[in-house]
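Please build the complete structure, drawing on both the sequences and the hints.
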Amino acid sequence: EIPDGVYELEGLEYLDVAGNLLTGTVSMKIGKLEKLKRLDIVDNMMTGTIPTEIGSLSNLVWTEWGANRFDTTLPTEIGRLGAIQYFWMFNMGLKGTIPTEIGLMTDLEYISVYLNSLEGSIPEDLFNARNMISVRAEYNKLNGTLSTSIGQMVDLHVFIINDNDLTGTIPTQLGQLTKLRELILGFK
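Per our numbering, the sequence shown starts with residue 861, numbered consecutively.
Simulated from the structure, these hints should not be mistaken for laboratory data.
Glycine is no exception: its CB is placed at the ideal position from the N, C-alpha and C atoms.
Mixed in with the good hints, there may be bad ones.
With a straight-line cut-off of 27 Å between C-alpha atoms, the simulated DSS-like cross-links for lysine-lysine are [to be verified]: (1) K955 with K1001; (2) K889 with K955; (3) K1039 with K955.
Computed Cβ-Cβ distance ranges for the label pairs, DEER-style [said to hold, decoys possible]: (4) R929 with Y874: 21 to 29 Å; (5) G1004 with T966: 19 to 27 Å; (6) T933 with K889: 16 to 24 Å; (7) L869 with G908: 19 to 27 Å; (8) E873 with T966: 19 to 27 Å.
Here you go:
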């Protein structure tokens, strides 16, 4: 478990507890770490939810929560992570939908939410992240069609969304993504 004393280190900018087999939850006190730029808790055995107080981490540039045992949704407060560039929440028990507030994360470059149980459509607002380099959302339960707005992500190198429940046609706007190096789709 992350000791409560860590949440009192209000000047902390980098917290990496990856690969320590930690159990327990992430406290709502995480919101006190307002200077935090990187939060890495990947590869532990943590449970619980993503505290809504994560939205207070306005300086956060990098966060990685994957390979844990959470049973949670993405809180809408993630939209307040205005500086975030790396958002890795793969294989961690996410469920529910991707909130539209993800579109407020306009500096986002990498998003990995694969190997979860996310449902619903890919929010149109996700395509507001003009600097996006990599989108990985494979092995979820996402449905609906792929927006033609994908053509706006001109810096995209990786787009992987196979093993979902997407329908419709492949947008011709994918042809505008001249930097694309890896494309894995899976439409029904």
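message: Quick check: does the Cβ-Cβ distance between E873 and T966 fall within 19 to 27 Å?
response: holds, 22 Å
query: Is 19 to 27 Å a correct range for the gap between the Cβ atoms of L869 and G908?
result: At 21 Å between Cβs, range holds.
- prompt: Do the Cβ positions of T933 and K889 conform to the proposed distance bound of 16 to 24 Å?
  reply: Holds - the Cβ-Cβ distance for T933 and K889, about 20 Å, lies within 16 to 24 Å.
message: Does the beta carbon distance between R929 and Y874 stay inside 21 to 29 Å, or does it fall outside?
response: Given about 24 Å between the Cβ atoms, the range holds.
field: 27 Å limit on alpha-carbon distance, applied to hinted pair K889 and K955
entry: The hint holds at about 23 Å.
- prompt: Is K1039 within 27 Å of K955, Cα to Cα?
  reply: Distance ~31 Å between K1039 and K955 Cα, so the pair is violated.
query: Range hint 19 to 27 Å: satisfied by the CB atoms of G1004 and T966?
result: Hint holds: Cβ distance 23 Å, inside 19 to 27 Å.
field: Restraint check for K955 with K1001, where alpha carbons must lie at most 27 Å apart
entry: Holds, at about 9 Å.
This entry does not satisfy hint 3, going by the numbered hints stated previously; all others are met.
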